Amino acid sequence: MTQRERNWLLVAPAGAWFLVMLVLPLSVVFIFSFGERGAAGGYVPAFTFEQYANLPARLTAFKNTMILAPLGTLAAMLIAYPLAYQLAVRTDPKWKNILLVLVIVPFWTSILIRSYAWIFLLGGRGIPALLGTFGIEGVRLIYTPFAVLIGIVYGYLPLMVFPIYVALDRLDNRLLEASSDLGARPLATFFKVTLPLSIPGVATGCMLVFILLMGEFLIPALLGGGKVFFVGNALVDLFLQSRNWAFGSAVAFTLIVIMLVTVTIYMRLIARLQTGRDDVSVM
Amino acid sequence: MRAYAICVYLFLYTPIAIIAVFSFNAGRHASQLQGFSMQWYGRALKNPFVMEALETSLIVALISATLASILGTLAAVGLQGIRGPARAIFDAIIYVAVMIPGIVIGIATLIALVTVFGVLNPWLAAIWPEGATPPALSMGMGSLIAAHTMFTMALVIIIVRARLGTLEQALGEASADLYATPFGTFRQVTLPLIAPAVLAGFLLSFTFSFDDFIIAFFVAGSETTLPIYVFSSIRRGVTPEINAIGTMVMLASLILLIAAQLILRRGDRK
Amino acid sequence: MKNRDTISKTKFMEELRRYEKGSVTRRHFLGVTGLGAATAVMGAAMPGLRAGPAFAQDIGDRVVLATWPNYHDTANFDAFTDATGAFVQVNVFGSNEEMLAKLQAGGSGWDVFVPTNYTITTYVSEDLIEPLDVSKLPNYDPSAFDPRFSDAGTVDGTLYAVPKNWGTTGFAVNTAHDGGNALTTWKDFFDRTKDDYSGRTMVHDYQLTTIGNALKYFGYSFNSVDENELADAEKLLIEVKPHLFAISSDYQPAMRSGDAWLTMCWTGDGKQMNSDMPEISYVLGAEGGEIWSDYYAIPKGAPHSDAAYALINHMLDPQVNAREVLAHGYPVADANTNALLPDEIKNDPILYPAQELLDALEFGAAATLTDPNRAELLARFKSA
Chain L
206 MTQRERNWLL VAPAGAWFLV MLVLPLSVVF IFSFGERGAA GGYVPAFTFE
256 QYANLPARLT AFKNTMILAP LGTLAAMLIA YPLAYQLAVR TDPKWKNILL
306 VLVIVPFWTS ILIRSYAWIF LLGGRGIPAL LGTFGIEGVR LIYTPFAVLI
356 GIVYGYLPLM VFPIYVALDR LDNRLLEASS DLGARPLATF FKVTLPLSIP
406 GVATGCMLVF ILLMGEFLIP ALLGGGKVFF VGNALVDLFL QSRNWAFGSA
456 VAFTLIVIML VTVTIYMRLI ARLQTGRDDV SVM
Chain F
2 MRAYAICVYL FLYTPIAIIA VFSFNAGRHA SQLQGFSMQW YGRALKNPFV
52 MEALETSLIV ALISATLASI LGTLAAVGLQ GIRGPARAIF DAIIYVAVMI
102 PGIVIGIATL IALVTVFGVL NPWLAAIWPE GATPPALSMG MGSLIAAHTM
152 FTMALVIIIV RARLGTLEQA LGEASADLYA TPFGTFRQVT LPLIAPAVLA
202 GFLLSFTFSF DDFIIAFFVA GSETTLPIYV FSSIRRGVTP EINAIGTMVM
252 LASLILLIAA QLILRRGDRK
Chain U
47 MKNRDTISKT KFMEELRRYE KGSVTRRHFL GVTGLGAATA VMGAAMPGLR
97 AGPAFAQDIG DRVVLATWPN YHDTANFDAF TDATGAFVQV NVFGSNEEML
147 AKLQAGGSGW DVFVPTNYTI TTYVSEDLIE PLDVSKLPNY DPSAFDPRFS
197 DAGTVDGTLY AVPKNWGTTG FAVNTAHDGG NALTTWKDFF DRTKDDYSGR
247 TMVHDYQLTT IGNALKYFGY SFNSVDENEL ADAEKLLIEV KPHLFAISSD
297 YQPAMRSGDA WLTMCWTGDG KQMNSDMPEI SYVLGAEGGE IWSDYYAIPK
347 GAPHSDAAYA LINHMLDPQV NAREVLAHGY PVADANTNAL LPDEIKNDPI
397 LYPAQELLDA LEFGAAATLT DPNRAELLAR FKSA
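Protein chains in written order, with my numbering: chain L, 206 to 488; chain F, 2 to 271; chain U, 47 to 430.
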């Protein structure tokens with residue numbers, strides 16, 4: 206057996222698996238997206254662009270996703286960065302690990318159960334009631350876009366803290382010392398040294414969270430009260446309520462294309478920002 | 002700065018605390034505290050549907066994480082020596098696999114398999130020997146494991162390949178120069194070096210599979226995993242039984258994590 | 047034993063509430079209410095229900111039921127488990143469409159499900175429902191049922207489903223917030239949602255009722271599939287959407303917590319909320335709306351068929367059925383069960399509305415289930 210044959214043999218099982226469980230299903234989605242809905246639901250073969258022409262009927266779902274996914278990513282990043290900084294740079298090494306683990310532990314309770322806790326916290330008897338005792342009446346949180354935003358930031362915060370922490374942790378403390386020895390004020394040190402060096406971590410975290418948010422279904426379903434609709438919710442609805450496989454396939458395929466395009470552009474952009482540096486690792 | 006960190010931890014742990022507190026609720030409702038009781042823990046542990054859902058989740062996570070780690074590692078090693086268009090196609094597939102939202106994977110797998118089974122089943126029935134009941138392919142644990150393995154395998158390949166990339170090619174060549182067989186090189190040189198990455202991939206795959214709701218929601222057929230059980234219970238109106246399950250799962254993860262940490266530390270000292 | 051059997055209905059409800067709050071144990075509850083005794087008697091009378099070795103017909107250790115929110119008395123399931131050894135797993139759904147979609151995708155794993163009258167012909171034509179073997183349902187007494195609520199179970203002379211409960215679809219309103227100006231019509235429901243009930247209203251996540259009641263606003267048929275009439279309904283729904291609290295078929299928690307004040311509502315939910323919170327009243331829109339009947343049925347390929355029959359038979363037992371009614375507040379069409387119900391239930395205006403209100407109601411039509419425009423309309427409304 207040659208080296209070449211051996212390599213192919215090693216790759217073959219994974220390749221076959223991807224073929225059956227990824228390439229085949231995606232091809233079916235692509236083919237079905239040109240079909241029609243059956244009389245009692247499902248799919249009937251056809252060749253029509255009708256489903257794609259009907260996409261504007263889900264425009265709001267796409268818009269909500271395209272607004273709330275980046276917004277949620279940004280919010281998670283803004284909250285995660287100072288925490289990661291505190292953990293990586295300002296914390297006694299003795300405590301680092303334990304504090305880091307504490308960030309991840311909530312991640313290990315089902316997102317379902319954690320979101321359910323938020324239904325209670327954001328509902329009339331939770332935070333609004335608490336605000337009421339301070340004289341702030343009539344605050345409504347549950348089933349609003351804001352509730353969904355809190356839910357997604359909460360759900361994905363650990364995913365953001367981790368890569369940023371790793372990037373900051375690698376930062377050589379001597380660099381920071383050198384910077385301050387050279388007379389740079391702390392803020393200048395942060396913007397000139399720390400921030401640029403942590404960009405790869407931020408980029409990784411943002412991409413992870415963004416990808417997950419683009420396909421989100423659960424959090425809007427639980428905290429949005431059926432009113433805050435993501436593409437994911439539209440998809441579940443099309444397959445589990447109106448049973449329109451053809452239109453559902455068109456929506457799914459459109460979502461895939463949007464994601465591939467945005468993520469590819471994003472990665473190019475990050476790569477360009479980082480040209481000339483060799484430690485870029487977005488993925 | 003420290004106050005900020007404390008605020009974030011509060012944000013992270015308030016909902017968890019609520020879950021834990023209500024798991025000890027004596028009452029049936031999940032929004033009104035009515036005294037302390039451990040009864041929901043007993044109920045959860047005695048409820049055959051909960052235990053079975055847990056078992057299903059563990060089996061699925063264990064099998065798919067194992068398959069993904071083995072096949073993914075082999076593929077990552079094999080891919081090192083493959084160049085050209087084949088490599089580009091494979092890379093693109095991995096890229097697509099991790100990029101596509103779980104919900105799309107779930108739906109696509111569902112409609113593809115339902116369609117394929119719809120074609121295969123009559124065909125199987127036709128070629129099956131007279132008298133014997135022909136097998137009927139349907140969605141279930143098999144399709145769930147297959148879907149989870151597909152996604153997590155892509156993760157393993159990425160993680161292991163990153164590790165392989167940092168290893169010096171020269172190391173392998175040196176080993177070959179010393180007349181080691183390719184398999185010997187792999188076993189004695191490469192494998193020990195990538196073992197941490199494989200382990201990390203396995204753990205990540207296990208966690209993903211154990212926690213996944215959305216793919217399972219579509220492809221699990223009549224199988225109930227723990228997240229699916231929790232989801233349907235939430236729709237039914239939550240009793241503190243769900244809180245008890247959540248608290249137990251979290252405690253178990255925490256214990257495992259601490260144990261792993263201790264073992265690793267002991268390993269370091271050696 | 048004697049006085050246990052004749053436990054008063056008030057006492058029964060008190061015990062039930064206590065049991066539900068968790069302040070008494072199930073054993074206590076079963077004992078006090080005579081449910082335990084009933085279970086034991088039943089087990090002896092019906093071999094299929096008995097777990098004892100003498101009649102060892104093993105029905106397995108489980109049965110999976112797909113049903114609607116707040117639609118059962120858990121104590122009856124516990125009694126079933128005690129008698130047969132089979133646990134009941136309850137899956138709750140918010141719309142008939144969802145049930146149909148799950149069955150169409152195959153491998154639902156359900157043993158018993160609860161379709162509404164107008165959907166059964168579609169299940170038959172899609173070959174998703176099993177004809178029922180009446181010999182396995184000794185408790186089913188067809189002559190005792192009001193045919194209006196049991197007819198839909200038979201399609202082309204074959205029995206596919208037996209009646210569970212019937213009821214109406216109206217709305218529940220928290221009258222503490224109506225400013226002395228009561229809501230009586232679907233026009234009120236939608237107009238007030240845009241006004242003093244803004245941000246406090248819920249509609250079902252269900253095309254039949256949400257679209258149907260919006261159609262009633264204009265005086266159209268609840269079942270209309272006319273394009274222009276549906277367009278009017280869609281316009282109204284989208285106009286109202288910013289004023290909604292949520293779109294969900296599980297509205298009790300929000301109504302009880304005071305987050306929501308007004309919701310589309312089924313009979314039993316109205317009764318349950320009204321019993322606990324008298325300020326929540328149940329109203330049938332004067333323009334009309336839906337009258338319906340739900341059925342027990344067995345889907346094709348049910349994995350635990352014996353357990354499915356045993357469960358349906360158990361639920362049809364007039365004693366059990368009467369306890370269900372007391373717990374969930376939906377009327378039954380079974381004369382044997384009604385004979386066991388106290389007068390205050392039988393005269394309850396929520397369960398049995400005035401004739402002129404009933405006359406205006408329509409049964410759902412099969413066409414609405416398969417009509418692509420209605421399905422798509424609701425999806426557009428939700429994603430709008």
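Just so you know, the hints here were simulated from the structure itself, not pulled from any lab data. Take the hints with a grain of salt, since some may be wrong.
What the hints assert, rightly or not - So the derived label-pair ranges between C-beta atoms look like this: (1) Ala-258/L <-> Gly-141/F: 31 to 41 angstroms; (2) Trp-129/F <-> Asp-405/U: 14 to 24 angstroms; (3) Asn-378/L <-> Leu-258/F: 46 to 56 angstroms; (4) Gln-262/F <-> Lys-287/U: 46 to 56 angstroms.
Since this is a predicted model, take the numbers as computed values, not measurements. The beta-carbon is built from N, C-alpha and C at its ideal position, and this holds for glycine as well.
Using the C-beta atoms of Trp-129/F and Asp-405/U, is the stated range 14 to 24 angstroms upheld?
The hinted range 14 to 24 angstroms is violated for Trp-129/F and Asp-405/U, with Cβ atoms some 57 angstroms apart.
Could you say whether the range 31 to 41 angstroms given as a hint is met by the Cβ separation of Ala-258/L and Gly-141/F?
Holds: the Cβ-Cβ distance is about 37 angstroms, inside 31 to 41 angstroms.
For the hint 46 to 56 angstroms, verify it against the beta carbon of Asn-378/L and that of Leu-258/F.
Roughly 28 angstroms apart at Cβ, these two residues miss the hinted range, so it is violated.
Could one say that the CB atoms of Gln-262/F and Lys-287/U fall in the range 46 to 56 angstroms?
Distance hint for Gln-262/F, Lys-287/U holds at roughly 50 angstroms.
Hints 2, 3, counting from the list given before, are not met by this structure.
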